[in-house]
Amino acid sequence: MKNPTRRAWLGLARDLLALAAASFVLISPVQAAGGGSGTGAKPTLSTKDFDFYLTGNSTDRSPSQPTSQMTVLMGGGLDVDQAFKDMIAKAGGSATNKIDVVVIRASGADGYNPYLFTMDGVDSVETLVIKTPNGANDPKVTSVMLGADVLFIAGGDQWSYIGQWNQTSVEAIIRTVLLPKNVPIGGTSAGLAVLGAVDFSAQYGTITSSDALSNPYHRRLTLDDTFLETIPKLQNTIVDAHLVSRDRMGRLVTFLARMIKDGMPWSAARAIGVDEGTAVVIDGDIATVRANSGGTGAAYFLQLPQDPGTSLIVKPKTPLEVSSVQVDKLTQAAGGHFDMVNWLRNGGGSTYSLYVQRGVLYGPGNNPY
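Mapped onto mature numbering (1 follows the signal peptide of the UniProt record, and there is no 0), the consecutive letters of the sequence shown carry residue numbers -32 to -1, 1 to 337.
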């Protein structure tokens, strides 16, 4: 075979550049929004305990306080534009009245700053990468969080959040200042996972559906009910992201069964699963599903029926048995909404049942979700 000529190498280089350019076009700012690498900009302030990135105006804004709480559960993957716009609008952000968005995370950088700063009604985006418990108690971190008109918890590792932020100023500010002021709060992926009253903490790493179903007391199935357990309308609720793409319905059902076995009343225990590229926007008592244009993701609201005939076997080293799990499935395309107080679907969507037999999840049709 002859060695490639200079012209051939140049042609190959042009092809590679074209491919790279095409790939760049396919990765929109929305997809890259929460990326851990960020923009490459240096932090506005950096310490061993936290990094701080500011985009926009450093002057604190003081919009009117919302009359009710908004919580956004984003399922990971592609960020949902409209869900962020809903939070900004709820906080009073508009063309004439701009607000401050604060993003908190334990790793990564300023990936959300340029994406959110371009949205109407935003005066500044401030990202705090809080790396240690000392950082979570730092006066600068406290000051930035106290000025949040919208708070968003990025993706990452939920055990970093629980392990490093629990019983610190970060948690105290959210519970005692931001929630009473009805500051809209959201999270994606791991940031979603810590918003429920009960969290899958991932203390010893993640767990697959098959491992959870085969042993509900698996070493890696760790639940926490101490961190941010007071988010309105998520009492007695566990939430999970990446539901279909990472095959997590089985583990979500197992989480729900464990909550009941560990002492939560059947009538109270609830679970919500959210697909990637999808968000559940809870505004007051009502939840609505949001997705980007063309998105087909869904949200799933789970509860065990209060039927005397419903059986539940949850034992260590024993495959899970659940005779019935009620699922309400909502998509943006189907319309409808969900009453979080009465746990009731209204309008579009569907309701069906799942069951678990000898550690295997079953449901209607070929797709149990």
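Hints are supplied without guarantee of correctness; some may be wrong.
Pairs of lysine to aspartate or glutamate residues, derived as EDC-like cross-links and limited to a Cα-Cα distance of at most 20 Å, are as follows [unchecked claim]:
| id | residue 1 | residue 2 |
| --- | --- | --- |
| 1 | Lys99 | Asp28 |
| 2 | Lys53 | Asp275 |
| 3 | Lys149 | Asp215 |
| 4 | Lys149 | Glu139 |
Just the calculated beta-carbon pair ranges, DEER-fashion [said to hold, decoys possible]:
| id | residue 1 | residue 2 | range |
| --- | --- | --- | --- |
| 5 | Thr86 | Asn314 | 31 to 37 Å |
| 6 | Thr86 | Ile281 | 18 to 24 Å |
| 7 | Ser14 | Thr144 | 49 to 55 Å |
| 8 | Asn102 | Asn65 | 32 to 38 Å |
Since the hints were made in silico from the structure, they are not lab data.
Backbone N, C-alpha and C define an ideal beta-carbon position, used for all residues, glycine too.
Status of the hints after comparison with the structure:
1. A threshold of 20 Å between alpha carbons decides the hint, and for lysine 99 with aspartate 28 the separation of about 24 Å lies outside it, so the pair is violated.
2. The straight-line distance between the Cα atoms of lysine 53 and aspartate 275 is roughly 41 Å, outside the 20 Å bound, and the hint therefore fails.
3. Restraint check for lysine 149 and aspartate 215: not satisfied, since their Cα atoms lie roughly 37 Å apart, outside the 20 Å limit.
4. Of the supplied pair hints, the one linking lysine 149 and glutamate 139 holds, its CA atoms being roughly 15 Å apart against a limit of 20 Å.
5. Distance hint for threonine 86 and asparagine 314: a CB-CB separation of about 34 Å, consistent with the stated range 31 to 37 Å.
6. At about 52 Å, the beta-carbon gap between threonine 86 and isoleucine 281 misses the expected band of 18 to 24 Å.
7. Separation of serine 14 from threonine 144 is about 28 Å and departs from the stated range, judged on CB atoms against 49 to 55 Å.
8. Separated by about 36 Å at the C-beta atoms, asparagine 102 and asparagine 65 satisfy the suggested range of 32 to 38 Å.
Of the numbered hints given earlier, the model fails hints 1, 2, 3, 6 and 7; all others are met.
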